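Chemist: Quick note, the sequences are listed as chains E and L, same order.
Heads up: the first sequence is residues 1 to 311, going by this note's numbering.
Heads up: the second sequence is residues 312 to 603, going by this note's numbering.
You may find that some hints are simply not true.
[Claimed, not checked] Covered stretches of chain L, going by a simulated chain E footprint (3 or more residues, C-beta under 8 Å):
hint, region
1, 406 to 417
2, 423 to 434
3, 537 to 548
4, 568 to 579
5, 586 to 594
[Said to hold, decoys possible] Below, computed lysine-lysine pairings styled on DSS-like, alpha-carbon distance capped at 30 Å:
hint, chain 1, residue 1, chain 2, residue 2
6, L, Lys502, E, Lys301
7, E, Lys301, E, Lys134
8, L, Lys502, L, Lys596
9, L, Lys596, E, Lys243
Keep in mind that the hints were calculated from the coordinates and are not lab data.
Only a predicted model underlies this, so the values are computations on that prediction, with no experimental measurement involved.
Each residue gets a CB set at the ideal place from its N, CA and C atoms; glycine is no exception.
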Amino acid sequence: MDNFRHFDLRSAALFLLLAVLAVIPLFGDIFYTRLMTRIMIYAMAALSLDLILGYGGMVSLGHAAFLGVGAYTVGILSLWGVQSAFLSWPLAMLVSMLMALVIGAISLRVSGVSFIMITLAFAQMLYYCFISLKGYGGSDGMTLPVRSSLAGLLDISRHGSFYYLVLCILLLIFFAAHRLVHSRFGMVVQGIRDNERRMLALGFPAFRYKLVCFVLAAGVAGLAGALMANQNLYVGPALMHWKQSAEILVMVILGGMRSLAGPVLGAMALLIAEEALSSYTEHWMIILGPLLVIVVLFGRKGIYGMLKRSR
Amino acid sequence: MHLDPILLLVQGLNGVQLGVMLFLMASGLTLIFGVMNLLNLAHGSMYMMGAYLAASLQQRTGSFLLALVLALPATFLIGMIIEAVAMRRLYDRDHLDQVLVTFGFILCFNELVCILWGPQALFMALPDGLSGYVILLPGVIYPSYRLMIIGSGLLVAVLLYLLVMKTRLGMLIRAGASHREMVGSLGVNIKLLYTLLFGIGSALAGLAGMLAGPILSIESGMGDPVLILALVVIVIGGLGSIRGALLASIMVGVADTFGRILLPPALASMVIYLLMAAILFWRPKGLFSANG
Chain E
1 MDNFRHFDLR SAALFLLLAV LAVIPLFGDI FYTRLMTRIM IYAMAALSLD
51 LILGYGGMVS LGHAAFLGVG AYTVGILSLW GVQSAFLSWP LAMLVSMLMA
101 LVIGAISLRV SGVSFIMITL AFAQMLYYCF ISLKGYGGSD GMTLPVRSSL
151 AGLLDISRHG SFYYLVLCIL LLIFFAAHRL VHSRFGMVVQ GIRDNERRML
201 ALGFPAFRYK LVCFVLAAGV AGLAGALMAN QNLYVGPALM HWKQSAEILV
251 MVILGGMRSL AGPVLGAMAL LIAEEALSSY TEHWMIILGP LLVIVVLFGR
301 KGIYGMLKRS R
Chain L
312 MHLDPILLLV QGLNGVQLGV MLFLMASGLT LIFGVMNLLN LAHGSMYMMG
362 AYLAASLQQR TGSFLLALVL ALPATFLIGM IIEAVAMRRL YDRDHLDQVL
412 VTFGFILCFN ELVCILWGPQ ALFMALPDGL SGYVILLPGV IYPSYRLMII
462 GSGLLVAVLL YLLVMKTRLG MLIRAGASHR EMVGSLGVNI KLLYTLLFGI
512 GSALAGLAGM LAGPILSIES GMGDPVLILA LVVIVIGGLG SIRGALLASI
562 MVGVADTFGR ILLPPALASM VIYLLMAAIL FWRPKGLFSA NG
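Chain E extracted, bound-state conformation (with noise of 0.2 Å):
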């Protein structure tokens, strides 16, 4: 009966949305199939991101460097020969780690604004300097032979099977980071957001949190960078950009912000609507940007947070 009551409209969304996730593949063209893998794969970005924005506070608008750094991880070792998922993928993870811990242990110095501005502009250091390393493509890019490779487990050069693998991801991501914000690191990390001196004061040092919290979503976007150099089979600096950080973080604010369905259901919207947008005129960013601005001046709760609201 418990679980009855709790079984509103939100859990009822997710749950469809899981049920059409299942099936995807199964009907359909192959088109929707690689949209979807595309889409989980930025909800994953997205969802990562929420964990420094909504519940750590942190406005990061660099977040698409570790996407990047993931994606170029994969890109260079499979240029060296090294196919294997199992070695390349974890390795991705580890290189944007290691990464947003230099980036976060220089902009966490500071707050607020300058936050903002300095996860940018390293951001775009980053994107700069791949775009100078011609060795890798240069600004052209470089394309990859085949999906990494997972011991003879799966063959995900099948686009059905990646699909699955990607989903599977997505799901163990939401339960890590579910498990995650709900421990007592995630409280400390929310307290530090809601009044930093109080959480100093009772002893805790909202540095190293707030660090640690920023190089665990770093992580995930780089393993996000991974998959996407998988989906694409292609690695380029567009994909540290800033405006893909800046798109990344609409899908978390159009989906709802502290809360981890939020970024999956603003990955979902945003990226149909540029497909819709698009298939409609070439010129669908002067639709989309006036969107954005009325969204965030008129409504500020996202689709999850209206989910709610309307129960």
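Given chain E, put chain L in place with the hints provided.
Modeler: Okay, now just chain L, sitting in the frame of chain E:
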């Protein structure tokens, strides 16, 4: 490579010229932030609009100066309209909302110029009389247009200083920055003041775009890289400080230019960001912090 002093001098001037352009961008950005506490990412779009307007007006009228005189009030007006339509709703919101709304404006403007002027880049001719070179020292020649940019940038810096520190409007701006309600209750129309100030900031960015027009290709999204450099500048200079913006722009301009001739490309593209990181490491609030 060998470093001959003439090359160093010319590159130094190039660095100062880039710095002056950055100052035009950064001063408006930091003024708007310092007074209204608004992070305006659409500032780069004003730069782009300035360049596009100047280019098409120069084509119609055939005169660079006339194009400048007409385009400057136009960017001032665009800035005031944006402020009245959207930005004034954002002063009480957090910076995240400001980022999102101004990002929405960037998307709009980037697409708008594609619709109005087409996707291919525009080019502007150098104004008559400034297309040649000037002999600075025996054996040292420098493009006179670039020299004009340096001169006009420094002139704007002086005018801005006089405006903020010596005029009644500047006094109100400074007062409004520290005690908004108090200035408002003394009978000053603070809303109008903010709209004017936003217009001034936009016109400064527009001016930077107009001056950059003849030396860059004018295309959609041209404001974005400059915007990010300007953000780096105001972070280094200290948020809200015009003096800091001037010093930091010249520093960034010179560091970037010399990085490009002295260092390998991958490192050169990182120089100014490393400079920013180093300065923030020792002075987290930047060189001159306006708000303590």
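Chemist: Now tell me, hint by hint, if it's right for this structure.
Modeler: Against the structure, the hints:
With 10 residues having a Cβ less than 8 Å from any Cβ of chain E, the region 406 to 417 of chain L passes the three-residue criterion, so the hint holds. Proximity of the region 423 to 434 of chain L to chain E, defined as three or more residues with a beta carbon under 8 Å from a beta carbon of that chain, is established by the 3 residues found. Only residues whose C-beta sits within less than 8 Å of a C-beta in chain E count toward coverage, and the region 537 to 548 of chain L has 5 of them, enough to reach three; the restraint holds. Residues of the region 568 to 579 of chain L with a Cβ under 8 Å from some Cβ of chain E number 3, which satisfies the need for three, so the listed coverage holds.
Restraint check on the region 586 to 594 of chain L versus chain E: 4 residues with Cβ-Cβ distances below 8 Å, three needed, restraint holds. About 28 Å separates the Cα atoms of Lys502 of chain L and Lys301 of chain E, which keeps this hinted pair within 30 Å; it holds. In summary, the hint linking Lys301 of chain E to Lys134 of chain E is not supported, as the alpha carbons are separated by about 44 Å, beyond the 30 Å threshold. For a cut-off of 30 Å, the pair hint linking Lys502 of chain L to Lys596 of chain L stands: about 29 Å separates their Cα positions.
With a C-alpha separation of about 26 Å, the suggested pair Lys596 of chain L and Lys243 of chain E falls inside the 30 Å cut-off, and the hint holds.
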